[in-house]
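Engineer: Residue strings, one per chain:
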Amino acid sequence: MSSMSERLIASTALPADYLNEEEIAEIEHERTLYPDTRAVGLEALKIVQKHRGWVSDESLFAVAEYLGLPVAELEGVATFFNLIYRQPVGRNVILYCKSVSCWIMGCDEVKEKISGELGIDYGETSEDGEFTLIPVPCLGDCDRAPVMMVGPDQHRNLDEKNLGEIFARYRKGRD
Amino acid sequence: MVGNPLTRNIDFSRPPLDLGAYEATGGYHGLHAIARGLEPADVLDLVKESGLKGRGGAGFPTGLKWSFVPMGEKAPKQKYFVVNADEMEPGTFKDRLLMEGDPHLLLEGMIIASYAIQASKAYIFLRGEYTDSERILRKALAEAYERGYLGRNILDTGFDLDIIMHTSAGRYICGEETALLNALEGKRANPRAKPPFPQVSGLWGKPTIVNNVETICNLPGILAWGIDWYRSLTKGNDHGTKLFGISGKARTPGCWELPLGTPIRELLEVYGGGMRDGLKLKGFLPGGGSTDFMLPEHLDLNLDYDDIAGAGSRLATGTLILLDDKTCPVGMIGNLMTFFSHESCGYCTPCRDGLPWVDEIFREFERGNGTHRDLAILEEHVDYMGPGKTFCALAPGATAPLGSGLRYFREDFERHITEKRCPYKN
Numbered sequence: 001m002s003s004m005s006e007r008l009i010a011s012t013a014l015p016a017d018y019l020n021e022e023e024i025a026e027i028e029h030e031r032t033l034y035p036d037t038r039a040v041g042l043e044a045l046k047i048v049q050k051h052r053g054w055v056s057d058e059s060l061f062a063v064a065e066y067l068g069l070p071v072a073e074l075e076g077v078a079t080f081f082n083l084i085y086r087q088p089v090g091r092n093v094i095l096y097c098k099s100v101s102c103w104i105m106g107c108d109e110v111k112e113k114i115s116g117e118l119g120i121d122y123g124e125t126s127e128d129g130e131f132t133l134i135p136v137p138c139l140g141d142c143d144r145a146p147v148m149m150v151g152p153d154q155h156r157n158l159d160e161k162n163l164g165e166i167f168a169r170y171r172k173g174r175d
Numbered sequence: 001m002v003g004n005p006l007t008r009n010i011d012f013s014r015p016p017l018d019l020g021a022y023e024a025t026g027g028y029h030g031l032h033a034i035a036r037g038l039e040p041a042d043v044l045d046l047v048k049e050s051g052l053k054g055r056g057g058a059g060f061p062t063g064l065k066w067s068f069v070p071m072g073e074k075a076p077k078q079k080y081f082v083v084n085a086d087e088m089e090p091g092t093f094k095d096r097l098l099m100e101g102d103p104h105l106l107l108e109g110m111i112i113a114s115y116a117i118q119a120s121k122a123y124i125f126l127r128g129e130y131t132d133s134e135r136i137l138r139k140a141l142a143e144a145y146e147r148g149y150l151g152r153n154i155l156d157t158g159f160d161l162d163i164i165m166h167t168s169a170g171r172y173i174c175g176e177e178t179a180l181l182n183a184l185e186g187k188r189a190n191p192r193a194k195p196p197f198p199q200v201s202g203l204w205g206k207p208t209i210v211n212n213v214e215t216i217c218n219l220p221g222i223l224a225w226g227i228d229w230y231r232s233l234t235k236g237n238d239h240g241t242k243l244f245g246i247s248g249k250a251r252t253p254g255c256w257e258l259p260l261g262t263p264i265r266e267l268l269e270v271y272g273g274g275m276r277d278g279l280k281l282k283g284f285l286p287g288g289g290s291t292d293f294m295l296p297e298h299l300d301l302n303l304d305y306d307d308i309a310g311a312g313s314r315l316a317t318g319t320l321i322l323l324d325d326k327t328c329p330v331g332m333i334g335n336l337m338t339f340f341s342h343e344s345c346g347y348c349t350p351c352r353d354g355l356p357w358v359d360e361i362f363r364e365f366e367r368g369n370g371t372h373r374d375l376a377i378l379e380e381h382v383d384y385m386g387p388g389k390t391f392c393a394l395a396p397g398a399t400a401p402l403g404s405g406l407r408y409f410r411e412d413f414e415r416h417i418t419e420k421r422c423p424y425k426n
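These protein sequences, in sequence, are chains A and B.
Per the numbering used here, residue 1 is the first one in the first sequence, and the count goes up by one each step.
Per the numbering used here, residue 1 is the first one in the second sequence, and the count goes up by one each step.
Hints in this document: simulated from the structure, not taken from any laboratory.
Treat the hints with caution; some may be incorrect.
[Stated by the list, open to error] In silico PhoX-like links for lysine-lysine, alpha-carbon gap of 20 Å or less: (1) Lys326/B to Lys420/B; (2) Lys206/B to Lys77/B; (3) Lys46/A to Lys187/B; (4) Lys194/B to Lys206/B; (5) Lys280/B to Lys206/B; (6) Lys425/B to Lys113/A.
[What the hints assert, rightly or not] Among chain A residues calculated to face chain B with C-beta under 10 Å, some are: (7) Asp17; (8) Cys102; (9) Val136.
[What the hints assert, rightly or not] Chain A stretches covered by chain B per the calculated footprint, using a threshold of three residues with CB under 8 Å from any CB of chain B: (10) 27-35; (11) 39-47; (12) 51-58; (13) 75-88; (14) 140-153.
Note that beta-carbon positions come from the ideal geometry of N, C-alpha and C, so glycine has one too.
Just chain A, with the same shape it has in the complex (with noise of 0.2 Å):
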């Protein structure tokens, strides 16, 4: 209960500037798309999410008042969709097909190799935080499964062999 209303009052206490000059542009840009101001609603828990990397309380409730939406409806809206993410991720997020396709491809035997290598299973964040790694429905690439994204990159034909490549690619401070 004191958690919930900590809060709540941390809520009313937002700084008025709480979204910056860049995203409010962005969902500025939304509105001329959309006629109604849930949709807008939606694309600017997007907005936060790319600038922030995730939707905290504190973003969700600045989103709402900015928006003039009521916030548990905002928050209905945000766990519903998977690809909106109200914790912190990891500077990389991986999402890993398991769809039926690259099961039959052998994806459950290179999930554990993922997990064996960062330390991580399904919604966890390696200690680094450098990945997460969340399940996601068929990527569709199926000829060439598995197939798993890392940030907005697709990799295909993963094996035990390509992961680490592919890995280390995505850690900071290499190329």
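On the provided structure of chain A, position chain B as indicated by the hints.
Structural biologist: Same frame as chain A, but now just chain B:
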């Protein structure tokens, strides 16, 4: 004449054609046909006559779908056209190929469709994970605006159209067209009650058509080269070509454009290269994860809506998922049940509560704890979650591989029970 209108410009060894190059191959001829005087009703008639059926899964005739949109002076001023580019059906990888291979084909199709129903705003509802598609389509959109094929008074027709890119925040249920509309409106993507149908009251209560990417990519050819050409493409009862795919353990999995009515065996053996060495085909899903299993004995049927329906399944997305004799059918169906269970929107009871129950039973089978009572519960759920028992088609989709799998692979379920383990595991 062109035999592969959907993929004729696609060559992944180079970037997709830009607007100029697309036009040089006959692109935007459909749009110019409109500018030369085709009325919206003429376009509708052409699409009706073409016999084009929706390529997103349901196979509903496209012209008929459009015909329910109110037209004329008394129709609402604002109407919407939406492309369903939320490709997420397990084992389906065809719309990505079209969007990333030839983006202007989709845009031209969207302009034609929007003109036919007189929608001045169109949205591309794109899967959020399809980042390459987004980049490629945004570039094509900018070119189309610059060339005057989008915006105000397109080619002096008096027709205005804006196309807006919407990237989805996820969830399989958004593929259901009324759930998609709720997601576009920024709401939780629960499906809506029908009627009213979107054609009459869709996005923000306005008349709206939602069509699949591949469906729309058929339109430029129909307008440019005509009905006779389009109807001559097929080898079977339905018209046109379609993208067909193969995933699983074939020698050369992939996605190809073939005439409707092509024998399934030809797709598997000529294009897919047959099964990998040492493997035999045990069964296959003909059109993604929501279709009924078919068996090797069905290979001589044609890739045609009626032929596949005759074997108790659906052509749906046309992307085959192969089950080989070294892969456990119980495990494969269990994988699908986990997927459907996760993706239930939670709105209606049979789906929200039935799918997790079914999924948990499959976990027990995997652990060697499956019983005959469990089999009976699975059988019951094929009925409880079947067509007509749920709010939308998600759970009935799950019962397709479940029910047919229980029927065709009974022996494998039995072996899990008697051997108290998965017989496919070493």
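Engineer: For every hint, state whether the structure bears it out.
Structural biologist: Hint by hint, here is what the structure shows:
For the hint pairing Lys326/B with Lys420/B, the CA-to-CA distance comes to about 18 Å; that is within 20 Å, so the pair holds. Simply put, Lys206/B and Lys77/B have alpha-carbon atoms about 9 Å apart, close enough for the 20 Å limit, and the pair holds. For the suggested pair Lys46/A and Lys187/B, the alpha carbons sit about 14 Å apart, so the restraint of at most 20 Å is met. With a C-alpha separation of about 15 Å, the suggested pair Lys194/B and Lys206/B falls inside the 20 Å cut-off, and the hint holds.
Taking the CA atoms of Lys280/B and Lys206/B, the gap is near 51 Å; set against the 20 Å cutoff, the hint is violated. A hinted pair counts as satisfied when its Cα atoms are at most 20 Å apart, and Lys425/B with Lys113/A qualifies at roughly 19 Å. Nearest Cβ of chain B to the Cβ of Asp17/A: about 24 Å, over the 10 Å cut. The hint is violated. This hint holds: Cys102/A has a C-beta 9 Å from the nearest C-beta of chain B, less than the 10 Å allowed.
With its C-beta approaching chain B no nearer than about 7 Å, Val136/A sits inside the 10 Å limit, and its interface hint holds. Note: the region 27-35 of chain A has 3 residues with beta-carbon separation from chain B under 8 Å; the three-residue rule is met and the coverage holds. With a threshold of 8 Å between beta carbons, the proposed coverage of the region 39-47 of chain A by chain B holds, since 7 of its residues qualify and at least three are required. Counting residues of the region 51-58 of chain A whose CB falls under 8 Å from any CB of chain B gives 0; the rule of at least 3 is not met.
Counting residues of the region 75-88 of chain A whose beta carbon lies closer than 8 Å to any beta carbon of chain B gives 7, which meets the minimum of three for the stated coverage. Here's how the region 140-153 of chain A fares: 9 of its residues keep a CB closer than 8 Å to some CB of chain B, so the rule of at least three is met and the hint holds.
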